[in-house]
Amino acid sequence: MSLLLPDAGLLFWMLVAFGIVFLVLYKYGFPVILSMIEKRSRFIDDALRNAHEANEKLAGIERQGEEIVMAAQEEQARILREASAAREQVMKEARKRAEDEAERIIAEARRKISHERDEMLSGMRNDVAELSLAIAEKIVGKELSADGAQQEYIDKLLNEELDKVKEKK
Amino acid sequence: MKRIFYMLLAFALLLSVPARGVAADGSPAHDGVDVKGVIFGHIQDSYEWHLTTIGGKHIAISLPVILYSERTGWEVFSSSVFHENSEYNGFRIAVEGKNEGKIVESDKHGNEVRPLLDISITKTVASVFMTGLLLVVIVLCTARWYRRHDVTKEPPKGFVGVMEMLITMVVDDVIKPNVGSKYRKYAPYLLTLFFFIFLSNLMGLLPLFPGGANVTGNIAVTLALALCTFVAVNFFGNREYYREVFWPDVPLWLKVPVPLMPLIEIFSMFVKPFALTIRLFANILAGHTALLAFVSIIFITMSVNVYIGSGMTVVSVFFTIFMNVLELLVAFVQAFVFTMLSSVFIGLSQPEHKAGSH
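First to last, the sequence lines map onto chains A and B. Following our numbering, the numbering of the first sequence begins with 1 at its first residue and continues without gaps. Following our numbering, the numbering of the second sequence begins with 170 at its first residue and continues without gaps.
It should be emphasised that the hints constitute simulated quantities derived from the structure, not laboratory data.
Rough simulated footprint, nothing fancy, chain A against chain B, three-plus residues with beta-carbon under 8 angstroms: (1) 283 to 297; (2) 333 to 342; (3) 357 to 368.
Below, computed lysine-lysine pairings styled on DSS-like, alpha-carbon distance capped at 25 angstroms: (4) B:Lys226 <-> B:Lys205; (5) A:Lys166 <-> A:Lys112; (6) A:Lys39 <-> B:Lys351; (7) B:Lys322 <-> A:Lys39; (8) A:Lys27 <-> B:Lys351; (9) A:Lys39 <-> A:Lys27; (10) A:Lys39 <-> B:Lys326; (11) B:Lys354 <-> A:Lys27; (12) A:Lys39 <-> B:Lys354; (13) A:Lys39 <-> B:Lys345; (14) A:Lys27 <-> B:Lys345; (15) A:Lys112 <-> A:Lys168; (16) B:Lys441 <-> B:Lys354.
Positions of the beta carbon are idealized from the N, C-alpha and C atoms, including for glycine.
Isolated chain A (complex conformation):
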């Protein structure tokens, strides 16, 4: 039964000892530890929050970077497209100009050629007329008067011949 009866002396010393231990720890022990633990847990919370924010910022920056890269790529594609269009245009124009030039040169050449031929033909006709006259004088034995009537007649004949030659061509 004595087990269940608290002993007064022991109770007294227990209260004294526990009281002193409590006061010492209340003054110098636990508040320091608790405040430090809380300080660190606050610090950790802040650090976590900051890390989270930094991560978000980083993600934002990455997104921005990606956007910039995408914009640059689009710009590049656009420039390339424009460049190729311009090139086509330039080439087309150059070709056209070259064609025109060629046509012009050819036309010029043709014109010159026909002009020269005409000149040559008219020269030749004169020569042929004179030759014909000379030959005819010899054949006829008398000097044909070089007046206009014969000359015109020869021209008429020559023109007929020349027309025949041209038709043959």
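Add chain B to chain A, keeping to what the hints say.
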């Protein structure tokens, strides 16, 4: 493997039956195995710290006896005086009766009475002092670490880390949820309570000198702790708490002609520390008793027959180890429970009146 063990166990238990039969005949006294004496000698308080007995010679640490008697006034002497002669200055240790094991004197009529005041430094008191000192050293060392280090740069390692883990656990899991918003005010008390009980329980499990005393298994110790909680609850309770005690929110007839509910509330004020006292005391006492009983089995069976004794020793050592490990758990759980119940009681004394909650 398991089956072999059970077979061995069954065999050993079979063998142990005659041992009990012999013990029941009253023979153990002859062989000097007085189990009840051993167990009670351990779990009860004493004026000296008995270490061991070698060759019939008691080796014990003498502790100071401090008495105040109407007959002699204050008396301070060493408990070793009772070794040489059974009586000193009219004081003696009672061997039987209701004061068994306590210092008594004879009054004028020759009756055996306790001195008026007996504040001797008994085994339990000495153990409380040592535990308290150890606790102060441990916590102050931990606090010193925190003072000397920048907590935002490095976490504590080793012992301080363990202390921080325990403190954080008690604060976050027990004190904060139960006490409520004013937990900072009560945290040092509740932490002291937790560590004091935990350390005392652990010291009680050590078989050698600084430990081994049955501190938290002594009802005076647990009563003192419960009284501290009683003070914390009732002296620091707020107005709302006392309104709920004396004028609870119940139908009027329950409190006006006969203050039925207030009586119940006041009764519960005293039941709470009582429950705290008994819970811790009974748990630790039972643990110590069971451990000692298992160890004693070896000596009982050995005194009967050396073969039975050998068989039982295996079983007994196994159970003792099992009990010791269990007691480690109990040491923690009981400290935890005491702290938790104290937190709950303190939390109940801090009700925050919420409009419309009734």
